[in-house]
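K.L.:
The chain contents come next:
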Amino acid sequence: MLKRTPLHDSHISIGARMVEFAGWDMPVQYSGPVNEHMAVREAAGLFDVSHMGEIEIRGLEALALVQKVTTNDVSKLQDNQVQYSTFVNVAGGVLDDLLVYRLNEEYFLLIVNAGTTDSDFEWIQSQVGSANVEVHNTSSAFALLALQGPQAEPILQPLTDHMLDRIPYYWSQRVAVDGVDCRVSRTGYTGEDGFEILCHAANARHLWNRLLVTGNDRGLLPCGLAARNTLRLEAAYRLYGHDMDETTTPLEAGLGWVVKLSKGDFIGRQALARQKEEGLKRKLVGFEMLDRAPARDGYPIVLGNQEVGAVASGSPAPYLKKNIGLVYLPIEHTNIGTLLSVVVRGRNVPARVVETPFYKRVKRYD
Amino acid sequence: MSNTPEDLSYTKDHEWVRVKGDEATVGITDHAQNQLGDVVYVELPKIGDKFEASEPFGSVESVKAVSEIYMPLGGSVIEVNEALNDSPEQVNEDPYGDGWMIRIKIDNPSQVDALLTAVEYEDYIKEEAAE
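In the order they appear, the protein sequences are chains A and B.
Going by the working numbering, the letters in the first sequence line up with residues 51 to 416, in that order.
Going by the working numbering, the letters in the second sequence line up with residues 185 to 315, in that order.
Derived by calculation from the structure, the hints in this document are not laboratory data.
As the structure is a computational prediction, the values presented were derived from the model and not from experiment.
It is possible that part of the hints are untrue.
Below, simulated DSS-like cross-link-like pairs (lysine-lysine); rule was C-alpha separation at most 27 Å, straight line [claimed, not checked]:
1) LYS118(A) <-> LYS333(A)
2) LYS410(A) <-> LYS333(A)
3) LYS372(A) <-> LYS333(A)
4) LYS230(B) <-> LYS371(A)
5) LYS333(A) <-> LYS371(A)
6) LYS289(B) <-> LYS372(A)
Please work from the sequences and hints to get the whole structure.
P.N.:
Take a look at the structure:
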């Protein structure tokens, strides 16, 4: 039996096409992936991402535990600030990527991937030891909505008294949205401005419907997992299980900026320090197809006459109107402009290593 | 509701066939394009390629998926819709017209009898949806 978010019935009632994703029955599309993708780039989109997991860490030694199990430096965070980070094992292999919310010095909220929520929770618990801290998996208590796109703020603002322009990028605030107690953060997985809105599961339907109605005049569309994937790939955001897993390190995945070796000890620090010192042997890079055929996850990659790997994430990019992807390549072949071949149904199709992100929004403020 | 012209024949793999003598034009149905969503790429065979009935002769790709297209009848390719290289969206916009894919010379005209009529195809779609 697949798990359902509190918005499952709402999705069915507006004609979503549902698919299995990480054990959940999730909307993959409503009006169509291209339509939804373009709405987020040009207006706004609303996603149900309630399948994501919430893990709460509370107590006197909460900060110390989060510091121990994540690679980024949590001591730099102030109350309400948010940080992108990774969990790694002792070998430096990525167990998950996550957002760390500091609610206060003794209270942290971690938002993790759906498919890894249970394993993350068990792993964190196994690291507690005698520390004065409590770890709770509160995933089923919450719903999470992502309101993304240049129109996100104008759509959300009339529903709250809090001035949203006072929430900077990667900060959050506890605010009432249409009377519903929420934590609103300026974060997202689309490459656009926007918010992620955490609320109690019981209030999700009210909030979802209200946002869809309020946003209608500004071009807001409900968006599914297909658009979420193409949007994140254009922005070159990594997807756990595709672009990184236990066999890759955050350094190889291009996430060196969330690995703070100088912060003190943490799980995986030794392995990552050694890898940094010895130099990377491979790295995740972006590529663009030079022919019309799209690259797909798992297609073989050939350099010269040698198969050197497989596409980690590959897809048509609806806004860029190109076929793009991410791939791990031997470090000596990762320079921008390097030519490679993607094997598409037995045929070698040329591709070129390009700069990432593939898409970068024009900032409208800051 | 999808559109299923009565003058065409169909397969359970969701191709349509317009038979004229020992030649036939092949494409994918309105139902198929609707299920796929926005088509971004169509890969077609070369003129002269030969295929058995039910053998894949190409593929059609939407943003999220790749689907193979199957030969409704055994035969050899005599014309390919090159316009789909630049305008794959024709498969969505006009599946029975400008979205056609290949023309073939039929090896064995008796195979045509095994194809579905429009009514049979519509019944088949309903059964598939009910499963």
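K.L.:
Is the hinted pair LYS372(A) and LYS333(A) satisfied, with a Cα-Cα distance of at most 27 Å?
P.N.:
22 Å, holds
K.L.:
For the pair we were handed, LYS410(A) and LYS333(A), check the Cα-Cα distance against 27 Å.
P.N.:
The hint holds at about 21 Å.
K.L.:
Can you confirm whether the C-alpha distance between LYS118(A) and LYS333(A) stays at or below 27 Å?
P.N.:
Holds, because 25 Å separates the two Cα atoms, which is no more than 27 Å.
K.L.:
For the pair supplied as a hint, LYS289(B) and LYS372(A), confirm whether the alpha-carbon distance does not exceed 27 Å.
P.N.:
35 Å, violated
K.L.:
Check the hint pairing LYS230(B) with LYS371(A) against an upper bound of 27 Å on the C-alpha distance.
P.N.:
26 Å, holds
K.L.:
Within a Cα-Cα threshold of 27 Å, do LYS333(A) and LYS371(A) meet the stated pairing?
P.N.:
25 Å, holds
Hint compliance for this structure: hint 6 is the single one not met.
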